[in-house]
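Novice: Residues per chain are reported as follows:
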Amino acid sequence: MSAFRFKPYTEMTSEDYAAIELKCGLEVHRQLLTRRKLFCRCPAGRYSKEYHAEVLRHMRPTLSELGEYDGTALMEKKTRKNIYYRLNQQTVCTYEMDDTPPFFMDDEALDIALELCLLLKLNIVGELHIARKQYLDGSIPTGFQRTAIVGVDGELFYQGRRIGVRQLSIEEDSCREVTDIGHDRVYLTDRLGMPLIEVVTEPEMYTPQEVAEVGEIIRLLCHSTRHVRVGSGAARQDVNVSVRGGTRVEIKGTPQIWRNPHLIYNEAMRQCALLHIRDLLRERGVTSETLQTSVAEVTRTVANTAYVPIRKAVEDGLLVKAIALKHFEGLLNHPTQEHTTFAKEFSDRVRVIACLTQLPNIAHSDLAAETLSSREWREVRRKMRADADDALLLVWGNEADTVTAAQEIILRAREATIGVPSDTRQAYKDGTNGFERVLPGPERMYPDTDLPPIEINSARLERLAVQIPRRVWELDERLQEIRGLAPQLRQQLLRSPYGELFCRIMTSGSLSPNWLAVVLTESLIGLRREGCELQFLSEPLLTEVFTAVVQQRLVPEGVMPMLRYFCRSIETLTPVELVNKAIYELRLNLIPIDQVRESVVRAVAELPIELFVQPDDLPRYLMGRLMEQWRGRLPGRQLAQLVREQLTGHAGIQHKWKNYSWAMIP
Amino acid sequence: MGDDSLKGYRGVGRTVLERHEAGVWSDVTVETTRGRFRGIVLPRSETADDRHIVLKLISGYNVGVAAEQVTSMVVHDRREAHYKVPEKQFPFDPAKPRVKLLGTGGTIASRLDYRTGAVIPAFSPGELYGSVPELADICNLETEKLFGVFSENMGPQQYIKLAQNIGEEIAKGVDGIVIGHGTDTMHHTAAILTFMVQNPPIPIVMVGSQRSSDRPSSDAAMNLMCAVNAAACGDIAEVMVCMFGPTSDQYCLLHRGTRVRKMHSSYRSTFRTIGENPLAMIDPHSITPLRQDYHHRRTDRQVTINSAFEEKVTILYYYPNMMPDVVDALVEKGYKGIVIAGTGLGHVNKPLYAAIKRATDAGVHIYMTVQTLWGYVQMYVYETGRELMELGIIPAANMLPEVAYVKLCWALGQSTDRNEVRRLMLTSINDEITEREPYNGYLIYQGAIPEVQEFLRSIKR
Ligand SMILES: [Zn+2]
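Residue numbers (our numbering), protein chains in the order written: chain A, 1 to 666; chain B, 1001 to 1461.
Possibly wrong hints are sitting among the right ones.
Label-pair ranges, simulated between beta-carbon atoms [unchecked claim]: (1) Arg80(A) - Phe1150(B): 33 to 43 Å; (2) Thr1015(B) - Lys121(A): 26 to 36 Å; (3) Gln1292(B) - Glu177(A): 51 to 61 Å; (4) Asp1283(B) - Asp450(A): 23 to 33 Å; (5) Thr1015(B) - Arg80(A): 47 to 57 Å; (6) Gly164(A) - Lys1088(B): 51 to 61 Å; (7) Gly182(A) - Ser1072(B): 40 to 50 Å.
No more than 25 Å apart at the CA atoms, straight line, and that leaves these computed lysine-lysine pairs for DSS-like [claimed, not checked]: (8) Lys383(A) - Lys252(A); (9) Lys1460(B) - Lys49(A); (10) Lys1350(B) - Lys81(A); (11) Lys344(A) - Lys7(A).
Quick look at which bits of chain A chain B covers, simulated, 3 or more residues with Cβ under 8 Å [to be verified]: (12) 54-61; (13) 140-150; (14) 538-548.
For the record, the hints were derived by calculation from the structure and aren't laboratory data.
Glycine residues also receive a C-beta, built at the ideal position from the N, C-alpha and C atoms.
Chain A on its own, in the form it takes in the complex (with noise of 0.2 Å):
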């Protein structure tokens, strides 16, 4: 049997991958901008630590239809999980606490998922019905995702290619994780029940960077619709990865695109690497079928080791107990992924099933150097009757996590005899992956029976196919018949949100394609830097500039001037500037007195005194007429003053109100 060989990640070239047969699909989850959550009427977006109550539940597998628990049931089971819901009264009901049957889906949300079905060129289903997913880790207190398809069998273009689009769902995001110590697992509710989409492809991209471009392709496809949420856990994908002779096997909730590569490398060598696993385990005779394994609790044997976390264990009062794997000499440091080794993979569920979570969780006898003394080695070997062939794990705990750990151990032991088992990995940020949980199969999905379901008619599609950006791809398409523009500045359009803005005007006029496209993308982006808000700037507003230009009312060099005029918004402004404005847009500013006197000496000339049968209706007669006039620019008490002074020297009053005082003036 040759030895393992995989290239560096910046060595291999998609050859490398074809020769391995590389298979991805991906899985894009996206955040729908929607003011309600999916299934209450809780408000979606709003994103607090603070919590005001705390709630605990666990998680109790249902029984498949074989009458056999799910794989990941089983795991869950095993796992037995205290699980703690944070809650926050602004943004969690009963709802989310499974205490209150769900509302009908926000139609909003419905909307934005058809919107995108119609981008994506779906099947769109005539009815939604939907479906409780599984998820037993606790991230939806149900113990289910409600999910529902809204289309199936669409497509995208990559390059002139097609890449099948497999379905696209709506379903309600799930909590956020805070601590898994232990047995005590911690969630943040904020998140729970916000609309979600998403989009699953064939496994049809077949080298890392294929994965990683499809993945912008529907990040743009998702943004150029505006309504999906934008920032920093709005969008997750998961990748599906699978070599020949290998398994799919799907990396969880990458949020970067650019990690992707990375992580699809690690993943095919991992693949490749539990392949050669099994193949050396074959030639030395082990199989599923003859797989030898025996379990021991040595903790007296190791009692006064120099090796700090089993010392530390046994002065706990922890139990050790040691696994004896036959024939497995020497696999174990076997390497699977960049600076990772076979032995992880039993770490791996040691941690996540026998929550023995504080690392290092296990000892090997393939590392025997950084562990035990070589004569506490031989002590085990000898208590094991275990042969120099024969690889030997030590875990620590208490007595239930240390049985489910060596159960686990020997269940991942006899995996290996057969290959790749199918996992849902977590990434990791160095490109690796490390076991999340047993990726579920279709029986984890069962009707809900709390809604009824949702017709989805055609006078709905209609409405919405009118309003629908065009595709990213037929955009890029576009912009590739537009004679001179660089290509790295079709990108830079494609990416912004004014591609279609740059199309409308180079199709109406003789400018520059390139000077246009850096006013469009750099240049707005610098003025953004600058801290002016683009919003200011509407796409009539923009065309209208450009217009200009072309008609040659406006020099090229004007137009950046005139946009910062124009997107110069209040936050911009220092105090002095912002009050100035203020006062002279809004007519505030103060007017001399004198200018004032002037008008109370045309108001009390003009009065018809012989209207009025009281005279105290006089000046608040003459008050409410001036104060329309100045209000807000000279003090009222100061406008009374004046109104008295006309109204005492005033001849026909005096004549008709003899010696009346006029004092009491409002």
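Take the given structure of chain A and dock chain B with the ligand to it, following the hints.
Specialist: Below, chain B with the ligand alone, put in the same frame as chain A:
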């Protein structure tokens, strides 16, 4: 094609399936004006419209296809599935107590047929063991399905049969009885059983679930384990309700059958003891009594079964502006007993007086309870109350309206003599009337108050 192969399909949906010789469980490819769909035809819910055909896709999701948009349909295969709950022999351990589980129709344990959404109940000991294997750690379980009715359809026939069966099981020597019951009317049944089965030597525990057991977050398994624990090992020999204490998965509460009421339409912790404290906190392994004044388990087999029941009794929930003709109509229709849920301390308005007088003169037995649920009827405080008593209305102290209703049914089943009925009604059998209300018997915390918020934050509920 037989009817069953088009289960639930009517109208255009049915026509389209028939035209393409497809039926339920056909694996089909459907071409529609919205594109192609491949899946297995599922039965259609009877209450859904007749314009759609339901398919289960390979992904496990269901979708509906508009029948009118179907242009063609190709049948590939037929894949019917039969589901049943796994049955495993319930282990027998001579050292463990014997518990009898009586079923009334509510599903305690069940699983969902993942294709149709139908709930398949688990009820035999083997099925229950398959679903809740922990039960075998507690007791030896026998089960018997007495009838299959929804909670809201429980009535005198069922009450009487239940009471008789309980009597027989006690005689047979079981150590405890658990009754599976839908939650909606569980407190009615708990009350009537308290009157029909008096002084039992063993625990009689009613149990149900607020979240069906096909859901991973169901309260069913925990409720059942706690109920079985109370029946097998508990010392409280009364008719009780065993349901979630807090909404968290922490413990259940045992409620006395005459003081318990369902208080929320969907919460797990919906059952509350009203005007008293619950009997005990309980988990699958231990019981923590909260009171000492309960009936203790006995080794004898003595029990009084009295299954009398008069059906012509009603509850009148009073509201302002209630018209007297409502009362007259009841008398005319031959009602023999009326429990009024009155306002405040037990009041109704003056315009009803004449009708009430006519009713009592006609021999109708009228008892007053309070719609506030908490607190006593006190008809001496205001003149209204004194006048009502003069008209023949009898105050029923702090009996809950539903409890007073079933008790009046039971009392009138035994006698129509005014004094005898009165004696039966006002002689408390098991705390349907209590002599005093403890200060912590009325606790409805209000959110947003700082000390309540502090409590919620520090105590997982
Ligand atoms: Zn909510």
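Novice: Against each hint, give a clear statement of whether it holds in the structure.
Specialist: We went through each hint and held it up to the structure:
no. : hint                               : in the structure
1   : Arg80(A) - Phe1150(B): 33 to 43 Å  : 35 Å, holds
2   : Thr1015(B) - Lys121(A): 26 to 36 Å : 30 Å, holds
3   : Gln1292(B) - Glu177(A): 51 to 61 Å : 45 Å, violated
4   : Asp1283(B) - Asp450(A): 23 to 33 Å : 29 Å, holds
5   : Thr1015(B) - Arg80(A): 47 to 57 Å  : 53 Å, holds
6   : Gly164(A) - Lys1088(B): 51 to 61 Å : 44 Å, violated
7   : Gly182(A) - Ser1072(B): 40 to 50 Å : 58 Å, violated
8   : Lys383(A) - Lys252(A)              : 41 Å, violated
9   : Lys1460(B) - Lys49(A)              : 17 Å, holds
10  : Lys1350(B) - Lys81(A)              : 61 Å, violated
11  : Lys344(A) - Lys7(A)                : 21 Å, holds
12  : 54-61                              : holds (count 8)
13  : 140-150                            : holds (count 7)
14  : 538-548                            : violated (count 0)
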